[in-house]
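**Q** With chain A fixed as given, assemble chain B onto it according to the hints.
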Amino acid sequence: MKMAWHAGYPLSQTVLTSVYVESILMPAPSKVEHAHFIRDPTCTPPSLMHEVLRSYCLGLLKTCGEVNARIMNEHFYEV
Amino acid sequence: MDSGCLEPGESLDEEFDVSRPLLPEEALGIIDQLLCHEVSVSMGLG
Chain A
1 MKMAWHAGYP
11 LSQTVLTSVY
21 VESILMPAPS
31 KVEHAHFIRD
41 PTCTPPSLMH
51 EVLRSYCLGL
61 LKTCGEVNAR
71 IMNEHFYEV
Chain B
1 MDSGCLEPGE
11 SLDEEFDVSR
21 PLLPEEALGI
31 IDQLLCHEVS
41 VSMGLG
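Sequence lines, in order, name chains A and B.
This note's numbering applies: residue 1 is where the first sequence begins, and numbers increase by one.
This note's numbering applies: residue 1 is where the second sequence begins, and numbers increase by one.
For the record, the hints were derived by calculation from the structure and aren't laboratory data.
This structure is a prediction, so every number in the text was calculated from the model and none was measured.
Even for Gly, the Cβ is constructed at its ideal location relative to N, Cα and C.
If a hint is listed, it holds; no wrong ones were tucked in.
Across the chosen pairs, the derived CB separations fall in these ranges:
hint, chain 1, residue 1, chain 2, residue 2, range
1, A, 66, B, 23, 24 to 34 Å
2, A, 12, B, 25, 26 to 36 Å
3, B, 9, A, 74, 40 to 50 Å
With the rest of the complex left out, here is chain A (with noise of 0.2 Å):
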């Protein structure tokens, strides 16, 4: 029987091997005000492109957590 969890592909093999979604990720933020490419104030403010691509990561990261957090919560049986 095959293991319906073997069949995809974990986070860090594909989501998590972008630079972007990495250099949101770390370190990590603590408010969503917090995660950004770049986080150094001083440098010029993020493009228009790269806010739609930060806004598409953080619901991209959203969903992620969501998901792992529905299945963690579930009760599970290994046959």
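**A** Below, chain B without anything else, positioned relative to chain A:
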């Protein structure tokens, strides 16, 4: 893993400049790739 093979001056850290200007098609391409990654993770979740 291959840290013993670093040349002098090389770094393990990714040196890609995430603040470099992005064209709209580049941003869409990155979003498309991330969407593919997210789907591949979801494939294993039933």
